[in-house]
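Enquirer: Please model the complete structure; the sequences and the hints are all you need to start from.
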Amino acid sequence: DDQKLLLIKKTVPLSQSTEEKTGIIIAAQQVKTFLSLVLAGDYLDDPDLKTVASYAVIGIALPSPGKNDGLHGDIVRKLLKKSVANLTGPESQYVKIDVNEYLENMPLGEGFVSIFNGTDLTGWEGLVENPIARGKMSKRKLAALQKKANKQMMLDWFVKDGIICFKGKGYNNICTIKDYGDFEMLVDWKITNGGDSGIYLRGTPQVQIWDTARTDVGAEVGSGGLYNNQKHPSKPLVVADNPIDEWNTFRIKMVGDKVTVHLNGVLVTENVVLENYWDKSIPIFKKEAIELQAHGENLGFRNIYVREINANNKPLTEAEKKEDFTRLITGKELDLWVGNKIDYVVENGILHVKPKEGSRGNLFTAKEYDNFIFRFEFKLTPGANNGLGIHAPLEGDAAYVGKELQILDNTAEIFANLEPWQYHGSVYGIIAAKRGYLKPVGEWNEQEVVVNGDDIKITLNGKVILDGNFKKASKNGTIDGKDHPGLSRNKGHIGFLGHGSELQFRNIRVKEL
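Heads up: take any position in the sequence shown, counting from 1, add 7, and you land on this note's numbering.
Keep in mind the hints are simulated off the structure, nothing from the lab. In this text, a Cβ means the ideal position worked out from N, Cα and C, and glycines have one as well. Please note that the accuracy of each hint is not assured.
Stated by the list, open to error - Derived lysine-lysine pairs resembling DSS-like cross-links, with alpha carbons at most 30 Å apart:
#	residue 1	residue 2
1	Lys498	Lys328
2	Lys489	Lys479
3	Lys321	Lys293
4	Lys158	Lys148
5	Lys28	Lys197
6	Lys293	Lys328
7	Lys74	Lys28
8	Lys363	Lys386
9	Lys293	Lys197
10	Lys185	Lys464
11	Lys185	Lys361
12	Lys242	Lys197
13	Lys103	Lys11
14	Lys88	Lys446
15	Lys185	Lys154
16	Lys328	Lys294
17	Lys238	Lys260
18	Lys287	Lys321
19	Lys470	Lys329
20	Lys185	Lys287
21	Lys185	Lys518
22	Lys441	Lys479
23	Lys17	Lys174
24	Lys85	Lys321
25	Lys155	Lys143
26	Lys518	Lys321
27	Lys74	Lys361
28	Lys518	Lys143
29	Lys89	Lys446
30	Lys158	Lys293
Stated by the list, open to error - Label-pair distances were calculated between CB atoms; the ranges are:
#	residue 1	residue 2	range
31	Glu27	Val224	34 to 44 Å
32	Lys174	Asp377	53 to 63 Å
33	Lys498	Asp404	14 to 24 Å
34	Thr25	Ala151	48 to 58 Å
35	Ile421	Gln159	40 to 50 Å
Expert: See below:
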């Protein structure tokens, strides 16, 4: 199927008429893969093609009769909703019912996420040394070398026509800013005559890419092997490369220390241990960056997607274990919580807030806390509004009978004229937080809240956005001019305060002080 899709994609630049483009969409529908879904989805905004594209997206995403091959994830969900909105006429009503039923029952996971936006190198950085060497550096030295590597990246790498291109001089890899543990990766790649490259997994070489004509270095075995392995297999099972200057597709899956690779739809590496090239005496790193290798020749990468596996169930770090942190969501059940367990549901390690129309229920910890460190990750939807209640009773408005820390899409137009103390991270009506540190809507944010007596400190994505004291801030009255009896409470529940918006939380943990 990957090979079929590559052939279909070759015709895209050549197709000018509506009839030709319709043929591409219909052909893509016959290939039920995530990448074919993305291709069909590219036509959803075209007035002449949106109907056929919508039916194609639905045909690709929904399961085949009698099979369990439906697609899921945030991108799939978004494209299906857009497709349903495109369809008109009585003949589409049954299709809409099927799609809405599928959406209602779709697993609530993130699925494949694009890690290349098609226009620039956002999310990527120049490579500094290797994971072991970086681990020995001071923060100051690493920052200086990273700045230098980023400058070099802009000299060596560029984006053109939706492709990450390497200029063909030097050996300066680029890597994802984000680290990955277990994951599945999709990427198209293309090399020129004599080409050599690879995909580093968790900062370690490598899933090999090379010109099979280079028999002097053993390239006749083909791409997709774990080239640097010594004890475990390093060569691919078969040769599945397309000719030079033609696109290829990798499907790479890494779970634990084992790697499986499909090249152009053909299995070339099956569940093979990737050895730690940097130190053979230790296993592969549990989490590190994905790298695109530069090896002195021109090359290109496009359509880069990653699906994290088990990423939403991060274990406590060794430091957190020593400090007696507790994870508040350990499985699918909300055993450590009380309140609204209808609109708050756990799936694949993520706490989803899926409010029914008009619902504004709260979910609180069953236990009460006085002084604590509370860490969590959250992902906003456009216009999302929620809150983190602290020192709260189970009844009443937590913003007043307890304290509410805002969780808000600061960029939404509907929130353009709020008071400073209403924006994300603020103690509602009491202390305003700094703005400008939320990640774009749809990306995961990390936040830490430290409460100790009347002191509160909030760190968002590594930046302190609030550092204040409840008593000092309200000494001469609250900034919203209202009565906040919760300011006198020094113990209570921690909770997520629903305001009718969809959003997600994960990796929620707490430490009592």
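Enquirer: Does each hint fit the structure? Answer for all of them.
Expert: Do the hints match the structure? See the list:
no.: 1; hint: Lys498 with Lys328; verdict: holds (24 Å)
no.: 2; hint: Lys489 with Lys479; verdict: holds (16 Å)
no.: 3; hint: Lys321 with Lys293; verdict: holds (11 Å)
no.: 4; hint: Lys158 with Lys148; verdict: holds (16 Å)
no.: 5; hint: Lys28 with Lys197; verdict: holds (24 Å)
no.: 6; hint: Lys293 with Lys328; verdict: holds (17 Å)
no.: 7; hint: Lys74 with Lys28; verdict: holds (29 Å)
no.: 8; hint: Lys363 with Lys386; verdict: holds (19 Å)
no.: 9; hint: Lys293 with Lys197; verdict: holds (29 Å)
no.: 10; hint: Lys185 with Lys464; verdict: holds (25 Å)
no.: 11; hint: Lys185 with Lys361; verdict: holds (28 Å)
no.: 12; hint: Lys242 with Lys197; verdict: holds (20 Å)
no.: 13; hint: Lys103 with Lys11; verdict: holds (29 Å)
no.: 14; hint: Lys88 with Lys446; verdict: holds (24 Å)
no.: 15; hint: Lys185 with Lys154; verdict: holds (16 Å)
no.: 16; hint: Lys328 with Lys294; verdict: holds (18 Å)
no.: 17; hint: Lys238 with Lys260; verdict: holds (20 Å)
no.: 18; hint: Lys287 with Lys321; verdict: holds (26 Å)
no.: 19; hint: Lys470 with Lys329; verdict: holds (24 Å)
no.: 20; hint: Lys185 with Lys287; verdict: holds (24 Å)
no.: 21; hint: Lys185 with Lys518; verdict: holds (26 Å)
no.: 22; hint: Lys441 with Lys479; verdict: holds (18 Å)
no.: 23; hint: Lys17 with Lys174; verdict: holds (23 Å)
no.: 24; hint: Lys85 with Lys321; verdict: holds (26 Å)
no.: 25; hint: Lys155 with Lys143; verdict: holds (18 Å)
no.: 26; hint: Lys518 with Lys321; verdict: holds (16 Å)
no.: 27; hint: Lys74 with Lys361; verdict: holds (28 Å)
no.: 28; hint: Lys518 with Lys143; verdict: holds (29 Å)
no.: 29; hint: Lys89 with Lys446; verdict: holds (24 Å)
no.: 30; hint: Lys158 with Lys293; verdict: holds (28 Å)
no.: 31; hint: Glu27 with Val224: 34 to 44 Å; verdict: holds (42 Å)
no.: 32; hint: Lys174 with Asp377: 53 to 63 Å; verdict: holds (58 Å)
no.: 33; hint: Lys498 with Asp404: 14 to 24 Å; verdict: holds (18 Å)
no.: 34; hint: Thr25 with Ala151: 48 to 58 Å; verdict: holds (54 Å)
no.: 35; hint: Ile421 with Gln159: 40 to 50 Å; verdict: holds (43 Å)
Going through the hint list in order, the structure satisfies each hint without exception.
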